[in-house]
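The whole structure should be built from the sequences, with the hints applied where relevant.
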Amino acid sequence: MKLLVIEDEPGLRDSIRDYFTAAGNICETAGDYPSALQKINLYRYDCIILDITLPNGNGLDILQEIKRIRYPDGVLIVSARNSLDDRLQGLHLGADDYLTKPFHLSELLARVMAIVRRKSYDGNHLLVFNEIEMDLQAKTVTVGDHPIKFTKREYALLLYFIVNKGKVVSKNALAEHIWGDGIDISDNFDFIYSHIKNVRKKLVDAGCKDYIQSAYGMGYKLHDR
Amino acid sequence: MKLLDKYNRISLLTTILVIIVTGFIYYFTISYILTDQVDKDLVVEENEIFEHVKLNHNLPEVFKSEDLKILFKNIGQDTMPRQFSNTQFWDDKEKEQEAARGLQSWVRVNGVNYSIHIIESKVETEELIRLIFLITLGIILLLIIALITINRLVIRNLWQPFYDMLRQIKLFNVTDQNSITPLTTGIEEFRDMNEEISAMSTRVKQDYQELKTFVENAAHELMTPIAVMNSKLDTLIQTGGLNDEQGTLIGDMYGTMGKLTRLNKVMLLLTKIENNLINDQEALDVRATIETACSEFQDLAYNKELRLHTELTDVTLFMSKTLLDILLGNLLGNAIRHNRPGGVVTVKLNQQALIIQNTGKFDALDASTIFRRFQKASDSEGSGLGLTLARQICENNGFRLQYSFEDHLHTFTVNFK
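So the sequences go chain by chain: F and H. By the UniProt record's numbering, the letter at position 72 of the first sequence is numbered 72, and the numbering carries on one by one without gaps. By the UniProt record's numbering, the letter at position 233 of the second sequence is numbered 233, and the numbering carries on one by one without gaps.
For the record, the hints were derived by calculation from the structure and aren't laboratory data. Heads up, a few of these hints could be off.
As the list claims (entries may be wrong) - Listed next, the in silico PhoX-like pairs over lysine-lysine satisfying Cα-Cα at most 20 Å (straight line):
1) H:Lys232 - H:Lys205
2) F:Lys197 - H:Lys304
3) F:Lys2 - F:Lys165
4) H:Lys232 - F:Lys221
5) F:Lys221 - F:Lys197
6) F:Lys139 - F:Lys152
7) F:Lys165 - F:Lys209
8) H:Lys170 - F:Lys165
What the hints assert, rightly or not - Here are a few chain H residues that face chain F, going by a calculated C-beta distance under 7 Å:
9) Ile187
10) Arg191
11) Asp234
12) Leu236
13) Thr248
The structure presented is a predicted model; accordingly, all values stated were derived computationally and were not measured. Think of the CB as a built atom: it goes at the ideal place given N, C-alpha and C, for glycine as much as any other residue.
Shown next as structure tokens:
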């Protein structure tokens with residue numbers, strides 16, 4: 001997919017670009033308001049990652065411009081401001097999702113994928129990874145022809161891994177993804193471990209290959225083999 | 001003692017003292033003047049006697065009068081010193097002794113000296129003085145009554161702006177939105193004071209607000225560098241070829257970054273709650289919210305082999321869902337985190353209170369310090385702001401959050417009333 005990252009902080013912008021490019025996407029960047037406006041008027045993107053606080057302008061104005069011309073691009077707002085008002089205003093103006101800084105790149109990818117899927121694969125709710133088939137609407141998982149019963153959290157974990165396939169995902173990113181960031185759970189990684197153990201066991205029991213591997217003791221990786 | 005009472009006391013005492021002193025002066029002056037008048041009458045009588053003796057060469061006939069007596073006495077060749085004196089007067093009619101003024105003198109009639117004793121009753125003078133005294137007393141009483149009334153009504157009225165201002169100062173809260181408004185009053189001192197106080201309150205609020213804005217901005221500004229570091233770590237672990245030792249180090253960094261992020265977020269949230277910026281109040285089914293929260297925590301509790309026990313009744317509260325979720329998350333999270341394997345967490349909800357109890361350490365926590373900022377158990381991985389946040393949420397909604405240690409259970413109670 002083709003993405004545009006509008007972010008004034010070069011360090012963050014480059015990290016996002018590298019992460020998305022390595023996942024096989026085309027990722028363009030803009031560092032300020034004028035160049036961002038120029039890009040959205042010239043090209044179409046599957047999803048635009050938009051920082052609200054920009055030099056020489058407000059990201060919300062760019063969002064309004066996109067909506068005014070009725071461009072079909074998905075928009076994900078990222079902001080350091082976790083204010084409810086900003087969030088509501090952003091979503092009200094037509095943004096597809098809102099992510100607060102700081103975030104994990106794996107979380108960003110998962111959110112972007114969700115937007116793009118909603119936008120472009122209408123009527124197709126199936127996400128297929130080798131022999132694993134996930135129905136995103138019914139929230140079911142089948143391997144071959146065997147349906148596997150997953151809990152809500154296990155399902156969320158598997159989806160997160162498949163979207164971030166081939167990437168090392170840290171335990172922290174996993175914990176925040178399934179718990180949200182409102183709760184201090186840093187001392188409960190055992191809990192993540194047991195959930196992942198269950199996911200792996202259920203997949204292997206259904207005759208699936210064991211794709212999820214521990215990585216360097218600080219995270220996990222779904223190997224794309 | 002109130003200023004008004006103190007002032008009343010002093011002014012009354014002074015008034016009474018001054019009136020008593022002037023009363024004395026008044027009394028002596030009047031009585032001196034009247035005595036002088038009586039003395040003049042006596043001299044007139046004496047002169048009449050002298051005239052009579054000069055013309056007729058005999059003593060005048062003495063008529064009986066109600067308030068005047070003249071006595072002659074043969075004193076041979078003696079003379080008498082002429083002198084005025086205070087004496088007594090026998091009133092035949094009233095049958096009583098009356099104060100009187102006497103003049104002693106002598107006259108020579110046909111070669112014989114006679115002493116003259118003229119006595120005039122002062123009863124009328126005394127009555128006059130008594131009348132004057134009564135009138136004066138009446139005036140004093142009237143004056144005192146008038147003074148007290150004036151003090152009560154007028155002065156209380158005059159001080160009203162002061163009391164109004166005092167009430168406003170008592171209600172003043174630096175975190176509130178409303179500030180002290182200057183009152184309109186014609187009295188310069190009060191106007192000055194009111195203006196200064198309202199200016200001061202505005203200044204204090206402004207300083208506080210600036211401090212808050214600074215904290216908020218600082219926390220916001222920190223988010224971007226944290227985001228960059230986070231993303232760099234995410235990128236670093238994709239590079240491959242890391243060994244487990246490096247992995248552990250990176251894991252530690254992730255943990256620290258996570259803590260930093262949460263700390264920052266809680267600080268921002270605290271600022272927001274203190275500023276009353278979270279205004280999404282609605283009627284909430286507390287029971288359902290607690291049930292959802294408990295099911296969220298079920299896995300976590302199961303993992304620690306805890307039993308999660310609930311006794312809930314239907315309760316509806318009008319408050320922000322965001323804040324209720326945070327409150328429950330913090331209290332339940334604590335109850336699970338600070339528990340021991342195989343322990344119990346009990347959640348009770350009734351119309352009066354929400355009670356969360358958990359097993360844990362065998363000693364009570366120090367109730368006076370646990371709600372302080374950055375106060376946390378040495379082995380806790382939390383931010384140290386969780387209970388501060390919980391208490392702030394309770395305060396904003398008019399609830400009371402208390403800690404107690406009952407039957408070896410750490411108990412947190414949220415009183416709704």
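**Asked** lysine 170 of chain H and lysine 165 of chain F: Cα distance at most 20 Å?
**Response** Not OK: lysine 170 of chain H and lysine 165 of chain F at ~62 Å, beyond 20 Å, violated.
Practice prompt. Could you grab the alpha-carbon distance between lysine 2 of chain F and lysine 165 of chain F and see if it respects the 20 Å cut-off?
Written response: holds (18 Å)
Under 7 Å, Cβ to Cβ, is where leucine 236 of chain H needs to be relative to chain F, so tell me if that hint holds or is violated. violated (9 Å)
Is it true that the CA of lysine 232 of chain H sits at most 20 Å from the CA of lysine 205 of chain H?
Measuring from Cα to Cα gives roughly 41 Å; hence the hint is violated.
Checklist entry - Hey, lysine 139 of chain F versus lysine 152 of chain F, does the alpha-carbon distance stay inside 20 Å? => result The hint holds at about 9 Å.
Mind checking the alpha carbons of lysine 232 of chain H and lysine 221 of chain F for me, to see if they're no more than 20 Å apart? The hint holds at about 18 Å.
Decide if the proposed pair is consistent with the structure: lysine 221 of chain F and lysine 197 of chain F, CA atoms, cutoff 20 Å inclusive.
-> holds (13 Å)
Q | Restraint check, 7 Å cut-off on beta carbons, for arginine 191 of chain H near chain F | A | It is violated, given that the least Cβ distance between arginine 191 of chain H and chain F is near 40 Å, above 7 Å.
20 Å limit on alpha-carbon distance, applied to hinted pair lysine 197 of chain F and lysine 304 of chain H:
At roughly 16 Å apart (the allowed maximum being 20 Å), lysine 304 of chain H and lysine 197 of chain F satisfy the hint.
(request) Answer holds if the nearest beta-carbon of chain F is closer than 7 Å to that of threonine 248 of chain H; otherwise answer violated. (result) Since chain F brings a Cβ to about 6 Å from threonine 248 of chain H, closer than 7 Å, the hint holds.
Does isoleucine 187 of chain H pass the interface hint, meaning its C-beta sits closer than 7 Å to a C-beta of chain F? Check failed: Cβ of isoleucine 187 of chain H comes no nearer than 45 Å to chain F, outside 7 Å.
Checklist line | lysine 165 of chain F paired with lysine 209 of chain F [C-alpha distance capped at 20 Å] | finding: Holds, because 14 Å separates the two Cα atoms, which is no more than 20 Å.
Of the numbered hints listed earlier, those contradicted by the structure are 1, 8, 9, 10 and 12.
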